[in-house]
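Asks: Please take these sequences and the hints and turn them into a complete structure.
Protein chains in written order, with the working numbering: chain A, 1 to 589; chain Y, 1 to 189.
It should be emphasised that the hints constitute simulated quantities derived from the structure, not laboratory data.
Computed from a predicted model, the values in this text were never measured in an experiment.
Yeah, the Cβ is synthetic: ideal placement off N, Cα and C, and Gly gets one too.
Misleading hints may appear alongside valid ones.
[To be verified] Restraint-style ranges between C-beta atoms, simulated for each label pair: (1) A:D416 <-> Y:I56: 47 to 53 Å; (2) Y:P39 <-> A:V186: 14 to 20 Å; (3) A:T111 <-> Y:I56: 51 to 57 Å; (4) Y:R52 <-> A:A299: 21 to 27 Å; (5) A:T587 <-> Y:T144: 33 to 39 Å; (6) A:D187 <-> Y:T144: 54 to 60 Å; (7) A:L448 <-> Y:K67: 55 to 61 Å.
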Amino acid sequence: MSQQKTTSQMTGAKMVVQALKDQGVEVVFGYPGGAVLPIYDELFQQNEIRHVLVRHEQGATHMAEGYARSTGKPGVVLVTSGPGATNAVTGITDALMDSIPMIVLSGQVPTFLIGTDGFQEADTVGITRPCTKNNWLVKDPDRLAETIHQAFHVATSGRPGPVLVDIPKDVQFAEGTYTPPQKAKVDHYQPRVKGDIDAITALVEMLEQAERPIFYTGGGVINSGPAACQLLVELADATGIPVTSTLMGLGAYPASGKQWIGMLGMHGLYEANMAMHDCDLMVNIGARFDDRITGRVNAFSPNSRKVHIDIDPSSINKVIRVDLPILGDVGHVLEDLLRIWKSRGRKTNREGLAQWWKQIDAWKAVNCLAYKGSESIIKPQLALQRLEALTKGRDRYITTEVGQHQMWAAQYLNFDGPNRWMTSGGLGTMGYGLPASIGVQIAHPDALVINVAGEASWLMNMQEMGTAVQFRTPVKQFILNNERLGMVRQWQQLLHGERYSHSWSESLPDFVKLAEAFGCKGIRAEHPDELDDAIMAMLDYDGPVIFDCLVERHENCLPMIPSGNAHNDMLLPSDDVRGAITGIGLTLV
Amino acid sequence: MSPLHIQQGSSKHSAYDLRDPHSDIIESHTLAVIVANEPGVLARVIGLFSGRGYNIESLTVAETDHKGHLSRITIVTKGTPAVIEQIKAQLGRIVPVHEVHDLTVEGASVERELALLKVEGKGDARIEALRLAEIFRANVVDSTLGSFVFEITGAPSKIDAFADLMRPLGLTELARTGVAALPRGGAMG
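Replies: The structure is reproduced here in structure tokens:
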């Protein structure tokens with residue numbers, strides 16, 4: 001008894017480290033500061049948890065996101081009070097929008113100074129309340145361990161998301177009783193994972209009869225886990241129903257699969273968007289009818305019955321009204337769905353489906369990703385096609401920044417498995433990709449990790465190259481350098497009479513010299529002829545690389561559903577893009 | 001019972017199908033939200049309304065179960081049926097929210113509000129104010145030679161009516177608690 005008492009008594013700082021160990025945490029991304037020194041002192045005195053020193057707290061959050069998205073495990077961030085916490089806000093919001101499990105531990109000024117505008121004091125729980133699933137300020141050391149366990153539970157249960165635990169410095173020094181994970185109270189927050197069987201049976205009936213069905217899948221499939229992705233593959237292949245996916249869901253169904261018809265949405269494929277518009281049964285599996293997906297809402301897939309499988313009740317009927325909501329975890333629902341469909345004799349509308357595929361093949365023949373090649377300038381599409389070809393079959397993970405390059409990467413790179421594609425979808429955070437690639441590489445030291453970037457986005461968190469070099473993460477920074485804010489420039493061309501207001505960067509750094517300054521390798525490709533050799537040199541180099549790929553400056557990212565248009569009203573590469581956005585589309589983003 | 005008061009995952013019993021979803025008619029709903037009594041919960045609930053552009057007509061909150069660490073927030077909100085459903089779903093997914101009840105659709109309920117009204121006046125107006133207070137069963141809780149403070153309890157509409165009558169008689173200050181509401185009859189559900 002007394003033995004047990006002595007082992008469970010410890011300082012708050014020790015509790016933090018013990019709780020992380022008990023939660024199976026292997027790596028923490030963080031940056032020390034005054035209000036977290038006791039926790040850093042504990043980290044110093046152990047070897048089980050690895051600490052990755054970032055260069056800016058935003059970098060820590062994106063690394064944690066990359067780590068989480070590529071492993072399925074929660075990412076952990078440790079930051080100090082005040083600016084440490086506020087710097088993390090962008091990454092926390094990013095994780096909320098993309099449903100990434102993340103635990104942020106922040107230091108806080110001691111409890112007796114809270115509210116006095118103390119040095120490096122900020123109302124961290126107040127600031128992060130709207131961008132976390134939940135957050136806690138712990139004032140009692142006896143509650144600290146339990147709160148951290150609850151934080152892990154909340155971050156990883158139901159629809160995943162970021163949480164934050166704010167820990168005042170005096171609580172880190174104070175002694176208290178450690179609560180092990182098994183004893184932490186988590187019973188109140190237990191989202192339902194099993195879908196309603198009546199509703200699933202109703203969906204099976206719809207699938208049996210539908211002439212033009214489509215699976216519209218999203219990040220929820222990936223969040224549900226590899227088993228859910230496998231069930232999706234089984235369901236799609238067995239029924240012969242076409243599969244399209246959102247940006248966040250790429251890889252859940254393999255791009256090499258027979259039913260795959262490509263990404264949908266604003267820069268999705270023509271065939272995917274046309275199929276969404278013309279289908280008679282739309283089954284949304286773990287997606288959320290985001291505005292990048294729907295186009296004009298009142299013209300969205302006008303003749304279909306819509307089914308929505310989602311674990312979050314607030315996703316249902318938020319944007320698009322559906323005929324059949326199924327609340328539950330994708331994996332559980334698909335398992336029941338397959339079982340019921342099989343037990344009823346594996347029926348589909350064969351004739352209808354055959355016609356449907358004929359139509360889809362006709363749309364595919366439009367070849368919406370065609371682009372005009374060049375002998376003298378590297379087209380960004382070509383750069384990605386060559387990257388795809390030269391990395392095929394490798395154990396490859398891709399992260400991106402935000403903009404044209406991101407959409408081209410989604411269009412021209414293929415993903416045959418989940419957790420291989422890390423991108424900022426909901427928030428659209430420039431500066432995400434470089435730190436995310438480091439987080440991925442930390443989790444998969446031997447894999448090939450490439451950040452497909454634009455030069456403008458990449459500069460937003462370029463300080464993290466220091467982290468990449470220090471921690472020997474051989475991340476490849478594949479920068480499509482058009483010396484422009486490409487997507488902004490494209491919109492100015494489409495929407496603002498070709499007045500390119502502040503959408504180009506003067507005095508860009510010499511990326512090769514920059515690489516050398518960071519102690520890594522720089523490679524530049526300026527001509528299509530040297531592209532393959534340059535990419536191979538990047539892949540062969542055993543260390544971080546900054547690859548400066550000078551590409552066509554005024555290339556537009558197409559196809560595109562202009563803002564305010566319907567799915568069947570796309571801009572194709574052959575169209576004139578000037579004045580393409582009109583009416584209500586002018587006010588949309 | 002689920003926070004949404006619907007059988008989770010079921011289309012047949014879904015609260016989403018209760019009314020015409022496409023209706024543009026603005027409805028007033030009274031929601032009872034049972035929350036864990038911990039710091040920041042009220043801010044999270046209110047932040048949801050301001051952050052997503054929903055209306056709060058009235059809001060009351062107090063601890064109702066000390067042992068269970070539970071508080072009850074009563075919110076009167078306005079919106080189209082689709083917006084009301086979103087509000088309930090968004091409230092339901094807040095981690096420290098235990099239950100969300102829409103008293104407007106879950107059968108009959110009683111709503112009460114308390115108000116204090118300061119009425120200043122002399123002569124006939126003063127006598128008239130006192131006479132009307134009696135009719136409305138308002139109590140005099142403070143009195144000077146030139147003023148009364150009335151306490152009145154009732155449905156919000158009754159308080160509106162009483163305040164309207166008092167205005168020409170010298171109403172100078174009005175304090176209202178906001179609505180507290182409970183379903184009629186036995187236990188919820």
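Asks: If any of the earlier hints don't hold here, list their numbers in rising order.
Replies: Going through the list in order, the structure violates hints 3 and 5 and respects the others.
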